[in-house]
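Novice: The primary structure of each chain is shown beneath.
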Amino acid sequence: MQKRQFFVLGAIGLLVSGLTGCNKSGGDTILIGEFASLTGKEATFGISSHEGTILAVKEINAAGGVLGKQLELKTEDDQSKAGEPANVVNKLISKDGVVAILGEVASSRSLEAAPICQQNGVPMISPASTNPKVTETGDHIFRVCFIDPFQGTVMANFATKTLNAKKVAVFTDVKSDYSKGLAKFFKEGIAKAGGQVVAELDFNGGDKDFKAQLTAIKTAGPDAVFIPAYYTDVALICIQAKQLGISIPFLGGDGWESPTLIEIGKDAVEGHYFSTHYSADAGTPNVQNFVDSYKKEYQGKVPDAMAALGYDSAMFLADAIKRANSTEPGKIREALAATKEFEGVTGKMAINAQRDAVKSAVILQVKGGKFTFVETVNP
Amino acid sequence: MDWFLQQLINGLALGAIYALIALGYTMVYGVLRFINFAHSDVLMLGAYSAYFLAPAVEKVAPLPSVTGAVIVVLLSAIICAGIGMLIEFLAYRPLRSRPKLTVLITAIGVSLFIEYTCQHKAVFGADTKPFPRLLGESDLHLGGLVIGSNDLLVLGVTVLLLAGLWFIVQRTKIGTAMRAVSFNQQAAALMGININRIISFTFGLGSALAAIAGILYAIKAPGIDPLMGVQPGLRAFVAAVLGGIGNLPGAALGGLLLGLLETFAGGTPGLSNYRDGIAFAILILILLFKPAGLLGKATVEKV
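Protein chains in written order, with this note's numbering: chain A, 1 to 379; chain B, 1 to 303.
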């Protein structure tokens, strides 16, 4: 019985690999790879960007595809785990033969996949990894989001100018490249704006007890605290800070944006601010169309920034393939690098010499259990 | 001064949780002489039991309330006691006559099996879920100091359970049997003790403790995920060793010490990065100079 099952599975495996192998040499579809955190700690980000990507591919195919061919998306789950992106990206490139790769949201995992894409000469487009190191890996790595030096500076300016905070504390997740990068640029921004960092503390992502560090922050007496971390940790930090009687504004980056932040944090996250890529209530027709079709596709769910970026990354790639007039990875890379103006739902962007997108950021505040738009900041 | 006192409170609250989890580790070790690594996963299952039970219990008793919370905790403890006994029956009992190392490796296997099964979409999924509010919360303010009601609750429950366990082990018939089994299984069997029943009971009791600890942990930090047991489980294991494994008051002492160490290291700017490193370095130092742990008696292991 078992032997037969193995045999059948093996046969299916061979068939599938044989079929997808055909795509490499043309056929009537263009195979695109995607790797995302569909399960695990950052699953809400991964799923959002994945849904956005699928929507984009669907719309492109409905409109006739690219170069007369349909796009085919091959998605792999890296389970939000270190080590896994290398496996799945290797598989996408060498076994499936994809022409380009979309992913990942988390900087740590993009950094793991980037060298593999670079070595294999396959262009990679990260939808939302903001750590500058991601595109520094090589000339095949792109992103459709802004980078942490910009996001860090935006929040530093917001803290010092809008909130009038002269003394700030920084609370960093030492396990995350995203968090460390963002903290660094925030501190630089604060120094430039004439503010002062009065306390710097660290935690490990996944910790459940933050009271030790929060007590130290409270003792230092800052006017605001910057927490560049992901939403699951941030929610617990806010709850424990509230218990300790810390009632100053907390600030963060795009890692905060998930409905889970409010579900867990409830009233403890109320009033805090974070920067992100786009706001669903920005009101431009481009955004409105996207929000409508996303809602139709996913049972009325309002798309978050990750969904918008996932959508943009696929659209951006399709646009480049069109302009390259070829599915050769090298030519796609040239076209991506030459992008001067691309109108995405997350705003107008140009690709600069470092292959980063130059575009605006928005600041949202948690208000009445919702993320509400505060302001748009241009680069 | 405020900083110091507040950290003392934080450390005791964190340590009480570790102590509570360590009680379960140390009790199973006391009877069976092996570390049940699946203990930390039963803790997670306890929190998830409460997560799924809470909406059902809410129809009978309002939540948050003391009655509701007690019902949820009792039901979860019973479920987890059953799971603990099942784990023992399926995974450990067939190996009882094998070398201890085999059982230890199986325990690690069981732990990983539970963690990764529960992360699957069809079971709990890997994402963090908001833990329902079981008890009302209020914070005690003493000048600049804050003592959370949850922290007092954990401390109180730990003391109560420690006393209860001590009573069961030292003063009841089944406790005497447990001690006899731990002393010499063959001899105890010859004296007419049903070994299987005693070991089953020990696992059930240990797992019920884990469930209670899991729920208290989730009340303190209301986001639960299938890997939530790993970190406190490791700490509690270390705490049990620190206090002298197999020794109930030792486990409590070890837990409190570890919580305090971690808190003072974590609350010092510049050191917070090395929070775990410092706590574990001190553990190694203590064990170097007092290998049996703080309250343990040095004995010769029969291998």
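Be aware that a few hints might be false.
Unchecked claim - Computed Cβ-Cβ distance ranges for the label pairs, DEER-style:
| # | chain 1 | residue 1 | chain 2 | residue 2 | range |
| --- | --- | --- | --- | --- | --- |
| 1 | B | 159 | A | 204 | 25 to 31 Å |
| 2 | A | 194 | B | 164 | 57 to 63 Å |
| 3 | A | 138 | B | 282 | 31 to 37 Å |
| 4 | B | 33 | A | 367 | 36 to 42 Å |
| 5 | B | 86 | A | 90 | 52 to 58 Å |
| 6 | A | 174 | B | 282 | 17 to 23 Å |
| 7 | B | 94 | A | 83 | 56 to 62 Å |
| 8 | A | 81 | B | 156 | 37 to 43 Å |
| 9 | A | 133 | B | 70 | 48 to 54 Å |
| 10 | B | 137 | A | 259 | 19 to 25 Å |
| 11 | B | 62 | A | 299 | 27 to 33 Å |
| 12 | B | 78 | A | 193 | 56 to 62 Å |
Said to hold, decoys possible - 20 Å max Cα-Cα, derived SDA-like pairs, lysine to any residue:
| # | chain 1 | residue 1 | chain 2 | residue 2 |
| --- | --- | --- | --- | --- |
| 13 | A | 296 | A | 96 |
| 14 | B | 129 | A | 38 |
| 15 | A | 74 | A | 96 |
| 16 | A | 266 | B | 121 |
| 17 | A | 242 | A | 220 |
| 18 | A | 242 | B | 153 |
| 19 | A | 180 | B | 150 |
| 20 | A | 74 | A | 94 |
| 21 | A | 208 | B | 150 |
| 22 | B | 129 | A | 267 |
| 23 | A | 81 | A | 187 |
| 24 | A | 208 | B | 115 |
| 25 | A | 175 | B | 142 |
| 26 | A | 266 | B | 135 |
| 27 | A | 331 | A | 72 |
| 28 | A | 208 | B | 271 |
| 29 | A | 81 | B | 227 |
| 30 | B | 121 | A | 84 |
| 31 | A | 81 | B | 65 |
| 32 | B | 297 | B | 286 |
| 33 | A | 266 | B | 64 |
| 34 | A | 242 | B | 121 |
| 35 | A | 187 | B | 227 |
Treat the hints as calculated values from the structure; they're not laboratory data. Every residue gets a Cβ at the ideal spot worked out from N, C-alpha and C, and that includes glycine.
Novice: Hint by hint, say whether it matches the structure.
Specialist: To see whether the hints hold, each was checked on the structure:
| no. | hint | result |
| --- | --- | --- |
| 1 | B/159 x A/204: 25 to 31 Å | 29 Å, holds |
| 2 | A/194 x B/164: 57 to 63 Å | 59 Å, holds |
| 3 | A/138 x B/282: 31 to 37 Å | 44 Å, violated |
| 4 | B/33 x A/367: 36 to 42 Å | 57 Å, violated |
| 5 | B/86 x A/90: 52 to 58 Å | 40 Å, violated |
| 6 | A/174 x B/282: 17 to 23 Å | 20 Å, holds |
| 7 | B/94 x A/83: 56 to 62 Å | 33 Å, violated |
| 8 | A/81 x B/156: 37 to 43 Å | 38 Å, holds |
| 9 | A/133 x B/70: 48 to 54 Å | 51 Å, holds |
| 10 | B/137 x A/259: 19 to 25 Å | 23 Å, holds |
| 11 | B/62 x A/299: 27 to 33 Å | 32 Å, holds |
| 12 | B/78 x A/193: 56 to 62 Å | 58 Å, holds |
| 13 | A/296 x A/96 | 31 Å, violated |
| 14 | B/129 x A/38 | 16 Å, holds |
| 15 | A/74 x A/96 | 8 Å, holds |
| 16 | A/266 x B/121 | 25 Å, violated |
| 17 | A/242 x A/220 | 16 Å, holds |
| 18 | A/242 x B/153 | 18 Å, holds |
| 19 | A/180 x B/150 | 32 Å, violated |
| 20 | A/74 x A/94 | 13 Å, holds |
| 21 | A/208 x B/150 | 14 Å, holds |
| 22 | B/129 x A/267 | 16 Å, holds |
| 23 | A/81 x A/187 | 29 Å, violated |
| 24 | A/208 x B/115 | 18 Å, holds |
| 25 | A/175 x B/142 | 35 Å, violated |
| 26 | A/266 x B/135 | 15 Å, holds |
| 27 | A/331 x A/72 | 19 Å, holds |
| 28 | A/208 x B/271 | 18 Å, holds |
| 29 | A/81 x B/227 | 13 Å, holds |
| 30 | B/121 x A/84 | 18 Å, holds |
| 31 | A/81 x B/65 | 38 Å, violated |
| 32 | B/297 x B/286 | 14 Å, holds |
| 33 | A/266 x B/64 | 15 Å, holds |
| 34 | A/242 x B/121 | 33 Å, violated |
| 35 | A/187 x B/227 | 33 Å, violated |
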